[in-house]
Structure formats: structure tokens, C-alpha cells
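Mind docking chain B on chain A? Use the hints.
Chains as they are written, first to last, in our numbering: chain A, 1 to 304; chain B, 1 to 304.
Derived by calculation from the structure, the hints in this document are not laboratory data. Quick caveat, the model's predicted, so the values are computed rather than measured. Misleading hints may appear alongside valid ones.
Just a sample of chain A residues kept apart from chain B, beta carbon distances all over 10 angstroms, derived [said to hold, decoys possible]:
no.	residue
1	D67
2	T87
3	F113
4	H159
5	A177
6	T198
7	E256
8	E279
9	K300
Derived pair list, reagent style DSBU-like, types lysine-lysine, alpha-carbon separation capped at 30 angstroms [what the hints assert, rightly or not]:
no.	chain 1	residue 1	chain 2	residue 2
10	A	K169	A	K156
11	A	K98	B	K84
12	A	K98	B	K15
13	B	K94	A	K98
14	A	K94	B	K98
15	A	K15	B	K300
Ideal Cβ placement from N, Cα and C applies to all residues, glycine included.
Number of protein chains: 2
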Amino acid sequence: MAKFQLNILGCGSAKPTPRHNPSSQVINFRDNLFMIDCGEGTQSMMLRMGLNLNRLNHIFISHLHGDHCFGLPGLVSTMALQGKGGTLTIHINKDGAKLFGDMFNYFCRECPFEIKFNIIEYGDNIIYEDNSIVVRTIPLKHRVPTVGFLFEEKPKMRHINREMTDYFKVPVYKMDAIRNGEDFVLENGEIIANSRLTKDADPCIKYAYCSDTMLTDKYIPTIKDVDWLYHEATYDNANEKNARSRYHSTTTQAAEAAIRANAKNLIIGHFSSRYHNEELLLQEARAVFPNTILANEGLKIDFI
Amino acid sequence: MAKFQLNILGCGSAKPTPRHNPSSQVINFRDNLFMIDCGEGTQSMMLRMGLNLNRLNHIFISHLHGDHCFGLPGLVSTMALQGKGGTLTIHINKDGAKLFGDMFNYFCRECPFEIKFNIIEYGDNIIYEDNSIVVRTIPLKHRVPTVGFLFEEKPKMRHINREMTDYFKVPVYKMDAIRNGEDFVLENGEIIANSRLTKDADPCIKYAYCSDTMLTDKYIPTIKDVDWLYHEATYDNANEKNARSRYHSTTTQAAEAAIRANAKNLIIGHFSSRYHNEELLLQEARAVFPNTILANEGLKIDFI
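Bound conformation, chain A alone (with noise of 0.2 angstroms):
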């Protein structure tokens, strides 16, 4: 089964606590590993769970507040000390690339990879794709320029309904075809409608992250629909003037974000640092939205 696995690195905000790292999470789509947002002290949890820094070749940052990007150098190094070869792509926005650009001129002199930076713009774009995963950027409202990012897969090729190729005789060379939907003519001209040959393909998975914002109506068309939704929720109800002002969310503005945008499944993160437990923020968000998670340092889920 092919895999597509969130991890979860950090879901602590800004200020540190023993009990939770800044922001980095780590996409393992097929083996091939995406990050998104790397806090201090993101390559030690890579090594805590197991994940492969060489398998890693695209780190999307989502804005310029340290707590998701100060790890960023200490990460590089260690990836050029520990020798991966390829390509490092970044994706981040202009100053970023610049003032991490200046520190790996300066530190990662002789990385035995490239280093490539990929400037993202505000808005809703695709910023990344393959034959199998669409990256889009997620317009998100914070105190600075910030994206949230949608991971999609794309469609895939049907199910064969191996009785009726059978049947109806379909040669091998043709079924690449048909997986893809592709009716089949036979020789008297008589034409067999794909449906009757394939069955559903599996469903497109898409999940998104989007933090740090406050919620508006803007990023609900990007994310519309998805399976499973990260969103901050850094404060409890009763602090929505301290989530306002800080262009942060309460819990129940995730759980609504996950309502108005349809997702099946919320997970909340980005804790601040007054809360001894997540209890609290669990109940709240749960009561506007049930199928909702704690993130946790540490977590990984499985979406498919």
C-alpha cells in the first residue's frame, strides 16, 4: 500500500516549554519525505523518530517567525556532515531565501548537495508536483506574509474488474488504458463502456496545514474537502481577544475553520505555551467539531 504518513515534529508556538518543540512536521509520501516548517531543534526529533534526513528534499516553510524556521541551518549541516547527495529544495519566500541563503553560503561551504530555493508567493498557487502529490500554497492571515500548504494526491488510475477484461479479452498492452478510463472497442466495433471493466479508483487524499492565522474566509476554497485538516488553535476560548490580537486562533475557530471547509478530520497544534495540558483546548474544539485530535510530538498518522 503506497504510504502517505504525517509526522508530527513540534506543535509548540512561539515561546519554548519542556513539553513541546516549535512547529515541523514531516510528510512521508512513498518514502520520499516533505517537510513543513522546521523549529529549533527539528533535526534531533528527526533522529528521535527515525526519520531518514536523506530521504528528505523539500522543506516548505510557511512563514518567517523563528519558531518555524530557526532549525533550518542546524538541519542543512547536519544533511551535508551526514553526506546526502541530489537536490535540497526550499520552498520559502524572499527574505527568507535571502537570509538563509547568506547562512549557508556561509556554514554549509562545502554541502555535498544543492541547495535550491524555491520563492513562494502569498496566495493560492502550486508551488510543487510530481507524477503523484500537487503542493499548493494556502493563503492564511497572520502578522506577516504566511501560507499554509495543501497536500493533494492526484487522481489515480482505476481498478481493473479482472472477471470482464477477462471476459471480453482485453490484451495486456491495452490495460494501462483502461486503468486510466479508457473505453474498449471490440472487434466487431461493438465498444465496451470503461465502467463495466474498471472498478473506482482509490480516493485522492488531501490534507492541510495551515498555521499560524487567524480565520477568515479566504483559504476556506483551498482547503475545501479535505481528509484531514492541521490547524492552529493556540489559545482556548476564553482568550480569543489575546488569539485576535496576535492574529492566532481559539479552538473553536479551528473546529469552525474545519466545518466551513468540510474537512473530515481536524488535528489542532500550536499551542501556547500556558497550557500544562490540551485538555481543555481538546474539549473545546471537539464540542464544534467531534472528529477532532490533539497534535503531540511524536504523533504519526497514517492517511492511508
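Relative to chain A, chain B alone:
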């Protein structure tokens, strides 16, 4: 009793391991904190070791390898969040001031304290001085320009011999002069030698931090007669070639530095990631210099 205490926050080398953090230490001198080096994760170790960020006003960076400085942006950002006031002085070379200056300008725009860079040059120079302590650079030899740091207490006042000052009726207003070594003149003109009125002052403790370096005679004069020497011992003796090619030291070379400097005590650190424990390193160093201990995260040593 005045405090002069060493706190080890990290004593690993460049490659991260689950056992060690990259280099950082804090000197607690009479409740003022002086940090030496600041690898990634240093701010977390400050928190774990109960060291108050508001009492940290000076950071000394030995050289620009990531495992000695990548914790700076996160540490300074957190100090800003916590509302530290006054001035933070970062003693660092010119390149470091430029690189980290750019980072602070971007990420710490609303910093409530002033960040000052004190540009340090290679050599044996006084870089900090107050009424009680002097800090000098130590000219080490590494792949990039590197200095160690010598922390030396200034001469202290002599202890009054109360019996004698009572006997000679030394007035209170003369006491500070007597403590500073002056003789006392009686009304009849007779001179009472200071040595009869006072006892020796407490000794002035010296601590030297030498990491990273290969062993050379160049830095020995600066660290002569130190009470405590922290010296890197990245490798065991069997890896002497590795040590030489990377401009690091072996255990025996660290011990040899302690002997040449006539140090009283040696702490070895900056352990290569290859060791699953440091027993071999300790044995090798002790075979040459018995007063050796291993650094370890969380270790506190009271020099007085």
C-alpha cells in the same frame, strides 16, 4: 559566599546525537550569567537547568561553526519574548556579527533590549572587564579562526585580622585601604606593616574554555595555572589521525594541555558522536592527567 559556577548545557560535537547537545556553557558569576557558545537547543537547556535568561547579559562565541552558534537566533528571540531589558552583548568575530546581526534585524525587530556586538579579534586580548572579573580570548588553532575564553577573577581584598586592628585601634574609615594592602601609621609615626593587620585574600580563580582546537604551544601561556580547564577531547587516541585532519584534539592531547598549562583540574568535552559512552575517553585522559572529569549536560561545578 560569592558564586563562580560552571553549567554545562552541551558537550557534543557537530553531528547531533540523542546523548549530547552541541556546545554551550554558562558561567554563573555572582548571579550574572555569561554564556560561552550557543549551539542549537541551548535555550531549551537554559530552561531545563533553571538558568534565568533575564540574568544573561553576555554571550561569547568561540568560532563560526554551526554547533557553536546556531542557537543564537532562538535564544535571543525568546529573551525578547520574555521582556528582558538592558543590553545583551554578543562577543563574536566580524563575520558572525554581520550574519547574526542580519538575522536579529529581521526576526527581533521589536526587541525590548539593545543587542550590542563586541567584535573580537584572534589573539590573547581582554574583551570584557568589570570590578570583579576579566575575560580574555585564548588563541586556539582550528580549521576556522577560533578563540577560547579565560575567565579570571580580579585580585580580591585581604581579610582583616580583627584582633590586630582592634589592638592598634585602626579607625573604620581606614579599613578599605588596609584591606587593599596599605600599611597603618600610628600617631607616634610607627608603621604597622599590612601583613600584621591582614590575612591573605582568597585566591583568584581562573577558568579556561578551549574548544575547538588542536594542541599547540601557542595558547598555553594564556591558560597558565588555571584552576579549571575545559578542553575539547573530540577523539580517543586511536583516532589521532582524524583529530589532526579535523584540527581537533585527542584525550591525551587534552591532558597534555592541562600538564603544560599547570592546570589544577581538567574537564573534557566536545565528544564525537561515535562514542556510546565516554569511559574510554576518561580513562585515556586520566592516564596522563589524573584530575580529569567528563563534561555532561546538566553538570554544575562550583569553582568556589
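Item to check | Unsatisfied constraints (hint numbers, rising) | outcome: Of the numbered hints given earlier, the structure breaks just one, which is hint 1.
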